[in-house]
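Q: Model the full structure from these sequences, guided by the hints.
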Amino acid sequence: MGHITDLICGWIWSPVLVILCLITGLYFSFGLRFVQIRRLRTMVRLLFSSDKSDKSGVTSFQAFAMALSGRVGTGNIMGVATAIGFGGPGAIVWMWIVAFFGASTAFAESTLAQVFKDEHEGQFRGGPAYYIEKGLHSKVFATVFAIAAVIGLGVLSPPIQSNGIATSFHNTFGVEKWIVGAILAVLLALIIIGGVKRIAKIAEIVTPFMAIGYITLSIVILIANASEVPAAFSNMIRSAFGFNEAFAGIMGWTISMGVKRGLYSNEAGQGSGAIVSASANVSHPVKQGLVQAFSVYIDTLMVCTATAVMILACQTYNVIDPQGGIIFRSPIAELGEPDVSYTTSAVATLTGNYAAGIVISIALLFFAFTTVLAYYYNSETNISYLFCKSKHEHLVINIFRAVIIIMMFLGTVIEASTIWNLADIGVGMMAWINIIAILLLSPIVFRCLRSYEKQEKEGKEPVFDPNDLNIKNADFWKHKK
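End of the sequence shown sits at 484 in this note's numbering; the numbers just go up one at a time, nothing left out.
Treat the hints as calculated values from the structure; they're not laboratory data.
Estimated spans, in silico, between C-beta atoms of each pair: (1) 481 - 178: 53 to 61 Å; (2) 190 - 150: 21 to 29 Å; (3) 255 - 463: 48 to 56 Å; (4) 460 - 13: 46 to 54 Å; (5) 335 - 460: 55 to 63 Å; (6) 391 - 234: 51 to 59 Å; (7) 330 - 26: 23 to 31 Å; (8) 22 - 150: 19 to 27 Å; (9) 481 - 449: 16 to 24 Å; (10) 245 - 211: 33 to 41 Å.
Distance condition first, Cα-Cα at most 30 Å in a straight line; then the derived DSSO-like pairs of lysine-lysine: (11) 142 - 475; (12) 457 - 481; (13) 463 - 475; (14) 460 - 475; (15) 204 - 180; (16) 142 - 394; (17) 204 - 392; (18) 457 - 475; (19) 481 - 394; (20) 460 - 481; (21) 392 - 475; (22) 392 - 142; (23) 142 - 481; (24) 475 - 394; (25) 481 - 463.
In this text, a Cβ means the ideal position worked out from N, Cα and C, and glycines have one as well.
A: If you want it as structure tokens, here you go:
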């Protein structure tokens, strides 16, 4: 099984996809005149705005929280450890690069999701499948993405989240993994039965709390290891570009792991953030595009960096070359291949091993569980796309609920390396399809931003009219007008 998943993952995550991710971010950054920098203040302001005259959909902040909950997961704890363990400290710099340019990609896909969204049974639905069909006039292409999203997010990705939780609780408290899996499955069932509104409410409360709490913890640890922080940053930067002799030989792995883990963590270009973005109730698509661009920054530049600097400053990591040899071995802890123990050991330098295990177990529980909620919502949206004209839509959704609950349980008893490969395959499939789509639809993104900024300069509250921009098939907005 492991050999097969390694082979498929290698095909999907060829250097071509890595380069395509970076080129797409560059293209949108220049095409949008680096909107991710210019409109940073606007991003924060729009987080708390919404159209209170219409009770459909969710608020901008709730959509932001749901998208952030999908981005902030085990990738921020275990994924960062994996990036460092197989790519060296420099992989983190490439995660930053992906995040910076990826913020413009997230802006583009989220804006498109708003432009081409639909209202279905009192909820806003949208995302790549919708803008591929309506914008590119390709039902086949859209259907392929929707199927890939359901498989990639609803089937292949939840196990990596539950595995991280179960492993941490087993190592810390000695609880059998299958017991943790059963509890997680029950909790997931209780929440998803309540639908998107309940998921949005939970994300709105839990996600900011968990992100702020984790970053605060990392700051305390870094203060305790302040003398090592400058060296940690220097090591990251030198290793990223091959200037550190110890890691120069794995330069290709450094870039590949940074891009792969960066995309897995912040999801820019993958399309899942766009699915959640469509659920927000805003007066102009650009508003939600800006909000979602900001969520990429929080995920990678803040939460992932917090984990990385903790690990590097405390030197609780090994670096393993592609042949399996160890390039760097932690001088203060007996560690094996990259997993949650890298982060736990870093926290343990301040709190001790048992307390560190408790802290990381709780962090993983919140991070990973809210991520699975986002996976569920994204998958349900794509099922709705596939079956919205069928009388069996609700039956299929109920069957899927059973599937994701089962996968949540199975993830706690499947080998971790296999799970990571499966998750990478799912993310890679979605990224290939979505990136091609948003590149083809980029003229619409550019027109939307010009429209928004023009209205702002005229002192108006920006509103969206697809007729003014010669955008066809944006039926929701025509009806709203």
